[in-house]
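So the sequence shown is numbered by the working numbering: it starts at 134 and just counts up by one.
Please note that a few of the clues may not be correct.
[Said to hold, decoys possible] Straight-line alpha carbon distances no greater than 20 Å define the calculated DMTMM-like cross-link-like pairs of lysine to aspartate or glutamate that follow: (1) 141 - 205; (2) 271 - 203; (3) 169 - 203; (4) 228 - 275; (5) 159 - 146; (6) 159 - 144; (7) 228 - 281; (8) 173 - 150.
[Stated by the list, open to error] Label pairs and their in silico Cβ distance ranges: (9) 136 - 251: 12 to 22 Å; (10) 286 - 238: 22 to 32 Å; (11) 170 - 139: 14 to 24 Å.
It should be emphasised that the hints constitute simulated quantities derived from the structure, not laboratory data.
Owing to the predicted nature of the structure, the values given are computational and were not obtained by experimental measurement.
Beta carbons are placed, not taken as given, at the ideal position from N, Cα and C, and that holds for glycine.
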Amino acid sequence: MANFRNGKGHEKDIVADGRYIVVNSKFISTSGQVKKFSNKQICPLFTDDILMVMSDLPNGRALAKCYLVEADDRYTLNQRIGALSVKKHNVVDTKYLFYILNRNEQLLRYDNGVDQTNLKKNDILSIRIPVPAMDVQKQIVEVLDRFDAICNDLSIGLPAEIEARQIQYEYYLDKLLTFEKMAS
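With the hints as constraints, model all of the structure from the sequences given.
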């Protein structure tokens, strides 16, 4: 279903303002907000590569968290991060696979809550993934993309929430301040 690559260590090559973003667990766990840079692209990444955190502390929130690469020639893959690329795009939609893999329960089971968890290539490649028809995959992606936008895009989710609360406020205001005529 997907090809797998491991990252390489970049510690010696980190610079303040380099050409490439070094994809490490902090980058993925913060959805790209925390960045380190390098001028060396030791492990190039390509559009639609799915990146996954393979190591985390016990009960950590980064294990198996995924990131979808949006552009070529912009990133380099650090160690303990795996990169997956879909083999047959007519069988599996990349974004569908991204959603299925992201914090997948089958991978989170490797966390025993005591020791650092280190996923292996075979752990990742051996999980069972349902593969419905392509049109169903695209519908699932569309729904999840919309939900993600509502939850994470302040320009979409917050205004809708404010409007809903305003309607709710007016409803209760009307109910509380509307009195039946008192019998005289």
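These are the hints, each one checked on the structure:
1. Only pairs whose Cα atoms come within 20 Å are accepted, and residue 141 paired with residue 205 is accepted, the gap being roughly 18 Å.
2. A hinted pair counts as satisfied when its Cα atoms are at most 20 Å apart, and residue 271 with residue 203 qualifies at roughly 18 Å.
3. Note on residue 169 and residue 203: the hinted pairing holds, with a Cα-Cα distance of about 17 Å set against a maximum of 20 Å.
4. Restraint check for residue 228 and residue 275: the C-alpha separation of about 10 Å stays at or below 20 Å, so the hint holds.
5. Our distance criterion of 20 Å between C-alpha atoms is met by residue 159 and residue 146, whose separation comes to about 17 Å.
6. Between the alpha carbons of residue 159 and residue 144 the distance comes to roughly 14 Å, so the proposed pair stays at or under 20 Å and holds.
7. Of the supplied pair hints, the one linking residue 228 and residue 281 holds, its CA atoms being roughly 13 Å apart against a limit of 20 Å.
8. For the hint linking residue 173 to residue 150, the alpha-carbon distance of about 12 Å falls within 20 Å, and the restraint holds.
9. Our hint of 12 to 22 Å for residue 136 and residue 251 holds, since their Cβ atoms are close to 21 Å apart.
10. For the hinted restraint 22 to 32 Å between residue 286 and residue 238, the CB-CB distance of approximately 26 Å keeps it satisfied.
11. One distance hint, 14 to 24 Å for the beta-carbon pair residue 170 and residue 139, holds here, with the actual separation near 21 Å.
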